[in-house]
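Undergrad: Spelled out from the first residue to the last, the chains are:
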Amino acid sequence: EAGVAQSPRYKIIEKRQSVAFWCNPISGHATLYWYQQILGQGPKLLIQFQNNGVVDDSQLPKDRFSAERLKGVDSTLKIQPAKLEDSAVYLCASSLVRRTSGRVSSYNEQFFGPGTRLTVL
Amino acid sequence: QKEVEQNSGPLSVPEGAIASLNCTYSDRVSQSFFWYRQYSGKSPELIMSIYSNGDKEDGRFTAQLNKASQYVSLLIRDSQPSDSATYLCAVRGNYGQNFVFGPGTRLSVLP
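In order, the protein sequence lines correspond to chains A and B.
Residue numbering for the first sequence follows our numbering, starting at 1 and increasing by one per position.
Residue numbering for the second sequence follows our numbering, starting at 1001 and increasing by one per position.
Think of the hints as simulated: they come from the structure by calculation, not from any bench.
Wrong hints could be hidden among the right ones.
Label pairs and their computed distance ranges (CB to CB) [claimed, not checked]:
1. 18/A with 1028/B: 28 to 36 Å
2. 1058/B with 59/A: 30 to 38 Å
3. 74/A with 1077/B: 36 to 44 Å
4. 16/A with 1054/B: 21 to 29 Å
5. 1068/B with 74/A: 37 to 45 Å
6. 1009/B with 10/A: 38 to 46 Å
7. 72/A with 1002/B: 20 to 28 Å
8. 66/A with 1016/B: 33 to 41 Å
9. 64/A with 1059/B: 27 to 35 Å
10. 16/A with 1016/B: 23 to 31 Å
Idealized CB from N, CA, C, for every residue including glycine.
Please work from the sequences and hints to get the whole structure.
TA: Next up, the structure:
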């Protein structure tokens, strides 16, 4: 089974420039997440999609960040314009959520892609 | 705002010893708990998931959950240098709720 794919793996831009990241989740995974991981910290959720709908974008800086998942499969995350503090690894993850008789099942683990390391100069 | 706390470490243990990693969480209604391992420069990799109070064992790894104390731990038996990594604790509420990650604990296993 193919894992979560992300591109590019590395990106260096200057502040105020724009950048976009792409993610293709594991086939059949309805839930897709974008995380920002700053060096030395745990991943911070930016946005969560369920199919092509947004479940949670409360921590997404909407003045500069945007994300879409138009067909419910792959997704793009854009930063425009970038700031120095946006330097981080951007991780995409996906999960297959299944409920059984109203209870949480064991199928809600999420699997991460390799990430995109962004450096803003 | 849900919070997940971990000691940042580094936690150093000799090869062959038991490494004990701890995590506390603030949201009492949390349902699912995960441990991820992250090598330097790599993405997180799922090690264990636990949903019920008690212990869950998988090879050299044992996850322990105590919902009353809002505490989850990971024990690594017979620690190996290859276990040296950052271990991330993640917590999730009910269906549809997002994952909240702790800051991670850096483990160093000394040969």
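Undergrad: It remains to establish, for every hint, whether it holds in the given structure.
TA: Hints and how they fare:
{"no.": "1", "hint": "18/A with 1028/B: 28 to 36 Å", "in the structure": "42 Å, violated"}
{"no.": "2", "hint": "1058/B with 59/A: 30 to 38 Å", "in the structure": "31 Å, holds"}
{"no.": "3", "hint": "74/A with 1077/B: 36 to 44 Å", "in the structure": "40 Å, holds"}
{"no.": "4", "hint": "16/A with 1054/B: 21 to 29 Å", "in the structure": "53 Å, violated"}
{"no.": "5", "hint": "1068/B with 74/A: 37 to 45 Å", "in the structure": "42 Å, holds"}
{"no.": "6", "hint": "1009/B with 10/A: 38 to 46 Å", "in the structure": "27 Å, violated"}
{"no.": "7", "hint": "72/A with 1002/B: 20 to 28 Å", "in the structure": "27 Å, holds"}
{"no.": "8", "hint": "66/A with 1016/B: 33 to 41 Å", "in the structure": "50 Å, violated"}
{"no.": "9", "hint": "64/A with 1059/B: 27 to 35 Å", "in the structure": "44 Å, violated"}
{"no.": "10", "hint": "16/A with 1016/B: 23 to 31 Å", "in the structure": "53 Å, violated"}
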